[in-house]
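All chains should be built: construct the whole structure from the sequences, respecting the hints.
From first to last, the protein sequence lines stand for chains A and B.
Numbering of the first sequence is given in numbering that gives the first Met the number 0, commencing with residue 0 and proceeding in unit increments.
Numbering of the second sequence is given in numbering that gives the first Met the number 0, commencing with residue 0 and proceeding in unit increments.
Hints were generated in silico from the structure; no laboratory data involved.
Every residue gets a Cβ at the ideal spot worked out from N, C-alpha and C, and that includes glycine.
Derived pair list, reagent style EDC-like, types lysine to aspartate or glutamate, alpha-carbon separation capped at 20 angstroms:
(1) A/K225 to A/D323
(2) A/K120 to B/E153
(3) B/K281 to B/E189
(4) A/K118 to B/D145
(5) B/K182 to A/E60
(6) A/K118 to B/D133
(7) B/K182 to B/D224
(8) A/K120 to B/E380
(9) B/K154 to B/D133
(10) A/K118 to B/D371
(11) A/K225 to A/E316
(12) B/K281 to B/D180
(13) A/K118 to B/E380
So the derived list for chain B, only partly shown, Cβ under 8 angstroms to chain A, looks like this:
(14) D145
(15) H146
(16) N165
(17) L168
(18) N169
(19) A171
(20) G172
(21) E215
(22) V222
(23) V377
(24) A379
(25) V384
Facing chain B, from chain A, some residues (calculated, C-beta under 10 angstroms):
(26) H61
(27) G79
(28) Q103
(29) Q107
(30) Q116
(31) M121
(32) S174
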Amino acid sequence: MAAPTLDSSAKPQQITMAKAINAGLRAAMDADPKVLVMGEDVGKLGGVFRITDGLQKDFGEHRVLDTPLAESGIIGTAIGLAIRGYRPVCEIQFDGFIFPAFDQIVSQLAKLHYRSQGKLKMPIVVRVPFGGGIGSVEHHSESPESYFAHTAGLRVVSCSNPVDAYWMIQQAIDSDDPVLFFEPKRQYYSSKAELDTSITPQPLHTSRVLRSGAHATLASYGPSVKVCLDSAAAAAQDGIDLEVIDLRSLSPLDLDPVYASVRRTGHLVLVSESPGEASLNSEIVSRVSQECFYSLQAPVLRVNGFDTPYPPSKLEEDFLPDLDRVLHTVDRSLAW
Amino acid sequence: MSSPERWTAARPDSPAATAATPTAEQVIAGLRATSEGGADLVQLLTPEGERVTHPDFDIDIEPAQLRALYRDMVLVRRVDRESNALQRKGELALWVPLLGQEAAQVGAGRAMRPQDMAFPSYREHGVAWCRGIDPTDLLGIFRGTDHGSWDPIEKRFGLYTIVIGNQVLNAAGYAMGQRFDGKVGNSDAEGNPAADDEATMCFFGDGATSQGDVHEGFVWAAVYDAPLVFFCQNNQWAISEPTERQSRLPLYQRARGYGFPGVRVDGNDVLACLAVSRWALKECRRGNGPVLIEAFTYRMDAHTTTDDPTRYRLSDEVEEWKLKDPIERVRAYLARNGLADAAFFEQIQEESDQLAVRLREFCVNIPDPPPDRIFANVYAEANPVLERQREDMLGYLAGFGGEH
Chain A
0 MAAPTLDSSA KPQQITMAKA INAGLRAAMD ADPKVLVMGE DVGKLGGVFR ITDGLQKDFG
60 EHRVLDTPLA ESGIIGTAIG LAIRGYRPVC EIQFDGFIFP AFDQIVSQLA KLHYRSQGKL
120 KMPIVVRVPF GGGIGSVEHH SESPESYFAH TAGLRVVSCS NPVDAYWMIQ QAIDSDDPVL
180 FFEPKRQYYS SKAELDTSIT PQPLHTSRVL RSGAHATLAS YGPSVKVCLD SAAAAAQDGI
240 DLEVIDLRSL SPLDLDPVYA SVRRTGHLVL VSESPGEASL NSEIVSRVSQ ECFYSLQAPV
300 LRVNGFDTPY PPSKLEEDFL PDLDRVLHTV DRSLAW
Chain B
0 MSSPERWTAA RPDSPAATAA TPTAEQVIAG LRATSEGGAD LVQLLTPEGE RVTHPDFDID
60 IEPAQLRALY RDMVLVRRVD RESNALQRKG ELALWVPLLG QEAAQVGAGR AMRPQDMAFP
120 SYREHGVAWC RGIDPTDLLG IFRGTDHGSW DPIEKRFGLY TIVIGNQVLN AAGYAMGQRF
180 DGKVGNSDAE GNPAADDEAT MCFFGDGATS QGDVHEGFVW AAVYDAPLVF FCQNNQWAIS
240 EPTERQSRLP LYQRARGYGF PGVRVDGNDV LACLAVSRWA LKECRRGNGP VLIEAFTYRM
300 DAHTTTDDPT RYRLSDEVEE WKLKDPIERV RAYLARNGLA DAAFFEQIQE ESDQLAVRLR
360 EFCVNIPDPP PDRIFANVYA EANPVLERQR EDMLGYLAGF GGEH
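Now the structure itself:
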């Protein structure tokens, strides 16, 4: 793990998620000259969300590459660079633009270690700003993570807060496996958190209980974690005690804390912006029903985006899981 | 030499500009692919085995080197024919014949230095041979025991890539890395690259040129000045579709649009392929890459052993290309000029017979991999979910007491 280089004093400081990822990238690039950042507009502009702001100025054009506008090219050439010994961190500008790269990710990136019997390592991170709620045009608000969790050979993670974002991006870069790194874009600048760089972070592929509760369990990841925390705070006013788990790692899933929680509460509600059909949440339902069958007092319920394309943004409030839908679903579970 | 215009100027009146399309006579004869490479075709050894000169490309080659190229091509063809036969006997699930493309692959393969990198498609058995991969190492893919058994880094030869065109982008990235590592453009005062300068060669077919990844690979290699030779074997057929279904322009002329040189070489002429590949690799090492080479050749056999070419092309066409055989022209040249005697040809024949026996014996004795190989190397680092699945499967299989 790279020595953090956020500022010279390394004292705890208030930081946004955007700044946290930038600082994490910077630390990883400082620690290993083979780490490259590549993507559309990541250099001079610092990325459309400014996540890579200043990196090209400090590390040069050969370490921070403004690439041609072609997503398959970004991943396809990153694979070649990885074979050459580099550790590329690729930025896909928006979730809905990842599909031109889907072929290279699924056909090559995910399989090369397996096909080469371990001789080719693929230490590549694919950063994807994802999720809705920013009032944008189509292809800018999607949640495609289930496609990648479904694909063997890929690791998939999602951060939900600045502190995790700082550590998780460095852990992802350290991994010798390809990691899809989903960043909740509407939280890049929405709030700050205190970052203490002197702590030892928890392992990348572990979930975490963010709030303990006795009556029902909420499990979520990425942008929906905040919705769950807000829901739990509101429910507490009504005397309902909700446990909130941030899954963090979407592949492999770390469900032991979820099983332990469900064995205590008997109720589980899963929350995610992605359409629910054949999704991560359906997988979790299946595993929890198998592991906690006799503990469940209600079927596992889900609050997902609907099984539709992402709607025009004037409708997204009704599409996205929010506090009311989460609490309504908790009520259904408790009344089962 | 390095001016793109020189190699790719559009000349609509030139035979080259229509060379992807058969002549009227050929169409009347029922032929859908042409055997005419056009005026820009680089050739140093005619189909009849006559040595000819070319104003831009020539090659100084010792008789021993020429005999070595002949040997390469004969052995590669034998590997191909033997493997094809092994499929027919049920020992391989599939084979991808290279028959007819020996000169293109050996010429390109022998132009590379040890430190150069190659990214193949799935028909590059001849390039694999030149990279020092034992032909038995190719068999696992087609017998179903592995997905490729060689070390791509050690051999400087990537894994076979079946999704058409994917490897072109991977090659572009690798070549970018060679440039970032300072392994390009360290030439001396005479323009000769340093001994440890590097380049990459990427192999694909005429069909692949329609893929977006190939277009993107051209763009990326061009804008990053990558030391990458795009080696396109135009064997006239993408399974059942002739090259005219992929392009209205001769393929080598596409390079013009991307801003680098494109050369069409007689893909059945090992000398010309060697000369043009050497030139292209040198240009790349000097920092003048990338370069596109279109090796104009012909797929003499089926696309794979599951294909039936009689459904889409006439034997007349195959007969016409038989006269351009890549091995026969070298044999004729060597024999006619007294550069090889009967004993040499017999010795190569004997070596080829021995290789076939070794290949056959190896193939039928490849053990089936153990069941838990399913889970091996999916990830470089531990994955508890997969580990649990693996244990479950092994426990289930153990219930059969070894009789499953």
